[in-house]
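A.B. asks: Okay, here's what each chain looks like letter by letter:
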Amino acid sequence: MPVKVLTGNHAVAEAVRLSRVKVIAAYPITPQTTIMEKLSEMADKGVLDARVLRVESEHSALAAAYAAASAGARAFTATSSHGLLYMHEVVWWAAGSRIPLVMAVVTRAIGPPWNIHVDHQDIMDQRDTGWIIGIAQENQEVLDMTIQAFRISEDPRVYLPVMIGLDGFILSHTSAPVDIPSQDEVDAWLPPRRQPYVITPESKIVMGNISDDDEHFMMRYSMHVAMNEAKRVIKEVDESYGKTFGRSYGGLLECYKCEDADYAILLAGSWAGDAKTAVEMLRSEGYKVGVIRIRFIRPWPREELLEIASRLKGIIVFDRAVSMGSTGILLGEVSSTLYSTKISIRGTIAGLTGVDVGPEAFYTQAKEFIEKVEQQGHVYEPLHWLLPPRYRRRGKPGKIERAEVVM
Amino acid sequence: MEDLLEIRFHGRGGQGAVTAANILADAAVREGKYAQAFPHFGAERRGAPVVAFARISTKPIEVHSRIERPDIVVVLDSMLFELVDVTSGLKRGGILVANSKRNPGIEGDYKVYCVDATGIAMRKGLVVSGWPVVNTVMLGALSKATGIVSLDSLAEVISSRFPEDVAKRNIDAMKSAAESVHTC
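Chains A and B, in that order, are what the protein sequence lines are. In terms of my numbering, the first sequence opens at residue 1 and continues consecutively. In terms of my numbering, the second sequence opens at residue 408 and continues consecutively.
Be a bit skeptical, because a hint or two may be false.
Unchecked claim - Listed next, the in silico BS3-like pairs over lysine-lysine satisfying Cα-Cα at most 27 angstroms (straight line):
| hint | chain 1 | residue 1 | chain 2 | residue 2 |
| --- | --- | --- | --- | --- |
| 1 | A | 4 | B | 466 |
| 2 | B | 575 | A | 367 |
| 3 | B | 575 | A | 4 |
| 4 | A | 243 | B | 440 |
In case anyone wonders, no lab produced these hints; they're calculated from the structure.
Here chain B stands alone, though its shape is the one from the complex (with noise of 0.2 angstroms):
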């Protein structure tokens, strides 16, 4: 693992970006790495366009101004891609890991990994005011795409933050998409 790797989420407001970024981050400490998780500082509202970061490290973080170049974007909404650049600032070589069935169309220097989380989401139930709830299964698709933490670790985490039955859901909707992304 790089000495640092900068983690950049893609949702909307409501679909659980920085509730993703903050498991994740959990899970690296739990697997003894340092971490920080945070939102985009504004206000933000349910549907609209969001980001959310993360970086871990194998030594302690002390930088904390905006991520700008990360080395891996997550994608969880899949009409994103014609809102947001997500591939900016996206290091050359960098990973997406996309919400999608096949590549949302991304060109240039980078390894693409779709996962159709919502289809996973609606089969698992992860189905919250009619809204599939994709960020559990994502960070399945990014463990498996990119080995950052691993799928204990984030269930360990999930189970802690989530009522059992939840939690359940969500770790079986997880290893499912790490059963199933794929590069594209």
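Bound-form chain A, shown alone (with noise of 0.2 angstroms):
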């Protein structure tokens, strides 16, 4: 398997070539675009047997790509930030109607004012279509998860549409070593296309008409349904990849060092190996810290998140989004799944507009958390806000003098 350097954007169209996708629709917008324009490329060279389909609207890119996926076809689209905002009324019909497709969310800010740069406001706004939704951490895993993606789609135990999210320009413009697996290799373990019905002229299904309101109940209940088995077949998928490729994630969330850890960051995306980095600072120091990176936010990981937090003091939370009037959207779920328990939880709004964040951030932000913690036994604080670094210590009214703001 050849290692290449390539960047996130190149990754997903090398997993969407190798997963024999046969129809493409798009429409551009930074930092989505190079995607549509390698995928493009495969197929004018003759090495991606698709039919590229140029549309004038994200709405109408879902639409196409939809509609190629209910005639039977393995169907691809990607977009970002106002692209997924513009189609997302396509994103309910989709998930809704139960058809496999696969979406890659290049992550970025939404206006106004205008801003091309990370953070997850978009692909969270999505949490509640029933979609499954992935975001990754490394060039390696957009391609792994890609590939994934397709198989738990298109796996009777789920039939949904699946959603990657990679960060925009931190991995889709960032290029890094990437395995890129065979061509015999993926078509022995991704098999061939399922889904739940196939619409052809002569075909007697209709989706769309008015239905009885108990048996659109039923349907959204069954949608519920097949979201908590797609937390196993997402356990598993990831585990045969695994074997077969000899790379394995963890499942719904990766715990990084949590086996001796008293505290954890908790986060989704390319930013938790920044985490990570802060991790190896904390602990030289003897803080025994672990990272819980959220690799799917649907099917939200409650279970593995309760058992992880059974032996932990305290939970140090990473928004990159935020509900407002509310809290981060992470620290949200969180906070539900570990009502019940007496871990001290913290919520933390950084990021956003694609203001930076590296290890020392988390470090210090970790690290105040955790003496917070030891000195007064529990800790719920659900709002800080990480300003970025100008806005700090201004003793302007309003009096932000510290690091953060809370709420």
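Dock chain one against chain two, each of which comes alone in its own frame, and use the hints as you go.
C.D. replies: Spelled out as structure tokens, the structure:
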């Protein structure tokens, strides 16, 4: 298996090629565009046997991919930020129709003002749609997760579409070594496409006309059941992938240095790598800290988190997306999962709109939280805002005199 | 080699700073090391000052935040010294490799290397749309000055990325830079 230096976006394209996708539709948007450029190039050169559809909007991009998937083709699309918001209606249609489909979301801040840099507001905004939602840390995982996504989505126990998140620029435009499996290996591992029904001109199936309310309710219920089943399927697929390709990631979440940890930093995406670097710094000072990296926000790893938390004194959550007027998105999930435990929790909103957060910030924030828990015994602080460096310690009205604002 | 080396390239949009970072990372990976290369994350314009970055390590690289304190700085354009603070954040004792015939006025606790990359590019026919293309030339100088990757690995990457005649000219120029780079 050759190791190549690839950007995250090209890792997506390689995975789509290896998964033998037949229909691809997308509309350009930074930082997604180079996925489609690469796939178009592959189709043009004949190394990818797929129809690449250029459409007039993201709404149409997903509509086309969803239609092709309904008609029996393995289909793919990709977008970012405003593009994802524009296709949001069809995001619900695809999941509600139980059509297996894969979409890459190159995570990017939402305007105004216009901003092409990373945060997770766009992908977190999709969390109630019925899509399975994964977020990768590295380019290698981007490739692996995308191939896995087709198998998860097309598993008869699931039949739900899957979104793969990769951080805009930080993965999408960063080159790093990626081990690319051979076509034969992927062909042997990824079964032929399966789906609950295929719409053809002759088939007697309609999706979208008015239904009985009770039936509609039961369709919603069945989606939730499938999501729960997906927890098991995601783990199985991750293990099976590991056996074949030598890489597995822990299923719904990765627990890094959790074995002897008293505390954990919980987060999702590429900045988990920076948090792991901070863990090394903290451990060199005797703080037993690990990282809980959420790989799938849907289905939510409730059982795994409860099990890990039973061995911890505290969790500090870093959110790159916020529900205005409530809390960070992950903090809300973590709090509701752990409400009956005695664990200490802090939620910190940071890294929105592309603001850089490195190992030093994780180190400082985690250390301060740990010291506080050790002194007070129990802490529940759902809302810290880690402001951009130049807005800290200004002493201006609003009294922002510390590294963060506590609410 | 240090566990982790961080490198910043300064150039102008269109000069190939991002490609230089990518070739460097690719060469390091071919030597069994780990590497990352990334552009400055923004909209870039031809001719405007740009930066690109690379990390090279003997261990897997997990950090994804920006490079604020590089070990090495490479400056592709000799006119940039008046426009950009190229030593910003450069570690004490760090290395600066400049496309310049003589020391471009760099002061401080740095090791400064000079190479006339523009002259080499012109002589070796590395000119696109009237612009000398100096990125591979500067990689040759960087290799010689720091030893972070070998000329052979760089040549291997260049051969894999460019048509044969273009690759040959670039490798030739890169070797010429390695011979003529000097402390300044």
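A.B. asks: Hints first: check each against the structure and report whether it holds.
C.D. replies: Status of each hint after checking the structure:
A threshold of 27 angstroms between alpha carbons decides the hint, and for residue 4 (chain A) with residue 466 (chain B) the separation of about 17 angstroms falls inside it, so the pair holds. Only pairs whose Cα atoms come within 27 angstroms are accepted, and residue 575 (chain B) paired with residue 367 (chain A) is rejected, the gap being roughly 54 angstroms. A hinted pair counts as satisfied when its Cα atoms are at most 27 angstroms apart, and residue 575 (chain B) with residue 4 (chain A) qualifies at roughly 22 angstroms. Restraint check for residue 243 (chain A) and residue 440 (chain B): the C-alpha separation of about 25 angstroms stays at or below 27 angstroms, so the hint holds.
In summary, the structure is inconsistent with hint 2 from the numbered list given earlier, while agreeing with all the others.
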